[in-house]
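Visitor: Following my numbering, the numbering of the sequence shown begins with 1303 at its first residue and continues without gaps.
Hint data in this document are derived by calculation from the structure and do not stem from the laboratory.
Predicted, not measured: the structure shown is a model, and the values here were computed from it.
Wrong hints could be hidden among the right ones.
[To be verified] The following label-pair restraints were derived from C-beta to C-beta distances:
{"#": "1", "residue 1": "P1421", "residue 2": "P1345", "range": "27 to 37 Å"}
{"#": "2", "residue 1": "N1406", "residue 2": "A1429", "range": "14 to 24 Å"}
{"#": "3", "residue 1": "G1427", "residue 2": "D1327", "range": "54 to 64 Å"}
{"#": "4", "residue 1": "A1361", "residue 2": "R1411", "range": "32 to 42 Å"}
{"#": "5", "residue 1": "N1378", "residue 2": "E1328", "range": "26 to 36 Å"}
{"#": "6", "residue 1": "A1364", "residue 2": "G1426", "range": "55 to 65 Å"}
C-beta: ideal position from N, C-alpha, C; glycine also.
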Amino acid sequence: MTAKDTSTQVTRSVAVEVRVEGDVDEEAVAYLREKVDAVLGRPGVPAVSGAVRVARAVAHHAERPWSAGAELIVGNTLVVVHAQEATGHELADRLHDRLRSQMNRVLHRKEEARRSATPPPWRGGRADSGREENPS
């Protein structure tokens, strides 16, 4: 299969290529781009580059003929998201939800690492024994 429509959309620090395979209408592609831009256009998101691939299966008996895969480099982190749905709008919504979830993980990973890392007792951290002492 070859890509029928390949376009790159550059907004601010976002360069995402959308590849379409199969019988995909322009309305579905526009809705998908809108959803992807909503996630990647948020404040605080570092430079993003990569590709989103959308395909519609030719087989009429397929339960979920629409599929999408996104491979994006956010800052210095690779984000990979896949989705399959019955319609183009459902696919765009599912991809939006999964991409937003992965972006939240990428953006807040540093905060979680700072909060969870406490030095061990031999490096000046607290020595919790797991029980409270009773001064009686």
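Visitor: Against each hint, give a clear statement of whether it holds in the structure.
Guide: Evaluation of the provided hints:
no.	hint	in the structure
1	P1421 to P1345: 27 to 37 Å	holds, 33 Å
2	N1406 to A1429: 14 to 24 Å	violated, 34 Å
3	G1427 to D1327: 54 to 64 Å	holds, 59 Å
4	A1361 to R1411: 32 to 42 Å	holds, 39 Å
5	N1378 to E1328: 26 to 36 Å	holds, 34 Å
6	A1364 to G1426: 55 to 65 Å	holds, 60 Å
In this structure, only the earlier hint numbered 2 is contradicted, and the remaining ones agree with it.
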